[in-house]
Amino acid sequence: FRFKDSLAEDLQSADLVISHAGAGSCLETLEKGKPLIVVINDKLMDNHQLELARQLHRDGYVLYCNCSTLVETLQSMDLSTLKPFPPGQPEKFASFLDKVLGFQ
Amino acid sequence: TGGHTTEILRLLSCLSESYSPRHYVLADSDKMSEAKIRSFEQKRAETFSESQFTLDRIPRSREVRQSWISSVVTTLHSILYSLPLTYKRKPDLILCNGPGTCVPVCISAFLLGLLRIKRTIIVYVESICRVETLSLSGKILYYFSDYFIVQWPDLKKKYPKSVYLGRIV
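As they're listed, the protein sequences go chains A and B. Here this note's numbering is used: the first residue of the first sequence is 7, the next is one more, and so on. Here this note's numbering is used: the first residue of the second sequence is 6, the next is one more, and so on.
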């Protein structure tokens, strides 16, 4: 499994995803509309990785725990509390650039 | 590198063909981005047949968690490569989103601007991972960029000169 080109297929068929806090993993999962539990590794803590996971949790998109509380989280989780994740809007970026460069 | 490449390709996805030709600059050690870029450009060529792009590599400016002082040295080394490259391409616009590779390129463009050789607009988009704090590249380029875009409201508050458009990737 180590370096598969893409996890897209596996993600598509999953009912629940448990992942580390890497941005790519989180976003890819959320965009596929799958429920996600983010596990924070307190030892390997890379603070900047935590920022996104924390924000996604605050906004109600993911569940959040660390290695020792994972089992408890799985037992008591209520996935219906998770909100659907709206996609990003690159078209806003394009409009902004067009305006700034006078490409309208 | 990796996540940065994915993000920047998403940013490019909605741009019109006015943004052409596209010149990609990668770190020499980056193994995965080239394939993603070629794939993106290939798809693009299906819609816009006149689509053009180039791909160049420069030495990587900094390893993750590399010390401050040695980073200055390695960045200066990268600038030795990015300066002639930027001079050759003379871009009207530089778009970057945070990997260390963007710092030497932007500094080169900035220098060419100071020397009145070419005035380039520098647009920096901080990664979506950055919710509360800026990356090191971001902290530097906040002062050198013409437009500095953040994707979370906290950063807009902390860096008032930035532009907030919401999540754009």
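Please note: incorrect hints may appear among the correct ones.
Claimed, not checked - SDA-like, lysine to any residue: derived pairs with alpha carbons at most 20 Å apart: (1) A/38 to B/15; (2) B/41 to A/15; (3) B/161 to A/37; (4) B/144 to B/169; (5) B/41 to A/57; (6) B/95 to B/120; (7) A/105 to B/163; (8) A/98 to B/161; (9) A/98 to B/171; (10) B/123 to B/48; (11) A/105 to B/23; (12) B/48 to B/60; (13) A/105 to B/120; (14) A/38 to A/28; (15) B/163 to A/15; (16) B/161 to A/15.
To be verified - Covered, in the sense of this in silico footprint (three residues per stretch, anywhere, with C-beta under 8 Å from a C-beta of chain A), are these stretches of chain B: (17) 19–31; (18) 111–124; (19) 136–144.
No lab work stands behind these hints: they were computed from the structure. Think of the CB as a built atom: it goes at the ideal place given N, C-alpha and C, for glycine as much as any other residue.
These are the hints, each one checked on the structure:
1. A/38 to B/15: holds, 16 Å
2. B/41 to A/15: Judged against 20 Å, a Cα distance of about 18 Å means the pair holds.
3. B/161 to A/37: At roughly 25 Å apart (the allowed maximum being 20 Å), residue 37 of chain A and residue 161 of chain B break the hint.
4. B/144 to B/169: At roughly 16 Å apart (the allowed maximum being 20 Å), residue 169 of chain B and residue 144 of chain B satisfy the hint.
5. B/41 to A/57: Between residue 41 of chain B and residue 57 of chain A the Cα gap is close to 26 Å, so the pair fails against 20 Å, i.e. violated.
6. B/95 to B/120: Holds, at roughly 13 Å.
7. A/105 to B/163: Violated. Residue 105 of chain A to residue 163 of chain B sits at ~25 Å, over the 20 Å cutoff.
8. A/98 to B/161: With Cα atoms ~17 Å apart, residue 98 of chain A and residue 161 of chain B stay inside 20 Å; holds.
9. A/98 to B/171: Roughly 9 Å separates the two Cα atoms, so the pair holds.
10. B/123 to B/48: violated, 31 Å
11. A/105 to B/23: Status holds; Cα separation ~13 Å.
12. B/48 to B/60: Given pair residue 48 of chain B, residue 60 of chain B holds - Cα atoms ~16 Å apart, limit 20 Å.
13. A/105 to B/120: Not OK: residue 105 of chain A and residue 120 of chain B at ~27 Å, beyond 20 Å, violated.
14. A/38 to A/28: Holds: residue 38 of chain A and residue 28 of chain A sit about 16 Å apart, inside 20 Å.
15. B/163 to A/15: violated, 40 Å
16. B/161 to A/15: Violated. Residue 161 of chain B to residue 15 of chain A sits at ~36 Å, over the 20 Å cutoff.
17. 19–31: As far as the stretch 19–31 of chain B goes, the hint holds, because 5 residues have Cβ atoms under 8 Å from chain A.
18. 111–124: violated (count 0)
19. 136–144: holds (count 4)
Comparing the model with each numbered hint stated earlier shows that hints 3, 5, 7, 10, 13, 15, 16, 18 do not hold.
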